[in-house]
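Peer 1: Sequence:
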Amino acid sequence: MSKKLVAFFSASGTTKKVAEMIAEEVKADLFEIEPKVPYTKLDLDWMNKKSRSSVEMSDKKYRPAIMKKEMDMSSYDEILLGA
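Counting in UniProt numbering, the sequence shown runs from 1 upward without gaps.
Please keep in mind that the hints were generated in silico from the structure rather than gathered at the bench.
The model shown is predicted, which means the values in this text are computed figures rather than measured ones.
It cannot be assumed that every hint is accurate.
With a straight-line Cα cutoff of 20 Å, these simulated DMTMM-like cross-link-like pairs (lysine to aspartate or glutamate) come out [as the list claims (entries may be wrong)]:
no. : residue 1 : residue 2
1   : Lys27     : Asp77
2   : Lys3      : Asp45
3   : Lys3      : Asp59
4   : Lys60     : Asp77
5   : Lys36     : Asp59
Okay, the calculated beta carbon distance ranges per label pair [what the hints assert, rightly or not]:
no. : residue 1 : residue 2 : range
6   : Glu78     : Lys16     : 15 to 21 Å
7   : Lys16     : Asp45     : 32 to 38 Å
8   : Asn48     : Ser75     : 18 to 24 Å
Ideal Cβ positions, reconstructed from N, Cα and C, are used throughout, including at glycine.
Modelling step: build the complete structure from the supplied sequences, incorporating the hints.
Peer 2: Written as structure tokens, this is what we have:
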């Protein structure tokens, strides 16, 4: 049986819910990729072109810095990535 990992980034929590369901279904470990600065409700206002999320999506140089967490992914046979 192969060892599986579901790694995901979820600004609003939607991807996290899906990642948890997938991990449970395929019996995989979970690894959350987290931003150094958590998102606020205002950050996630997709309708505001100046909100943090809108700026990050439109310009790659503004993508969020992520927290560094130790994770040895070399022991996994399959890695599923969600964002």
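Peer 1: Where does the structure disagree with the numbered hints, that is, which hint numbers, in rising order?
Peer 2: 2, 3, 4, 7, 8
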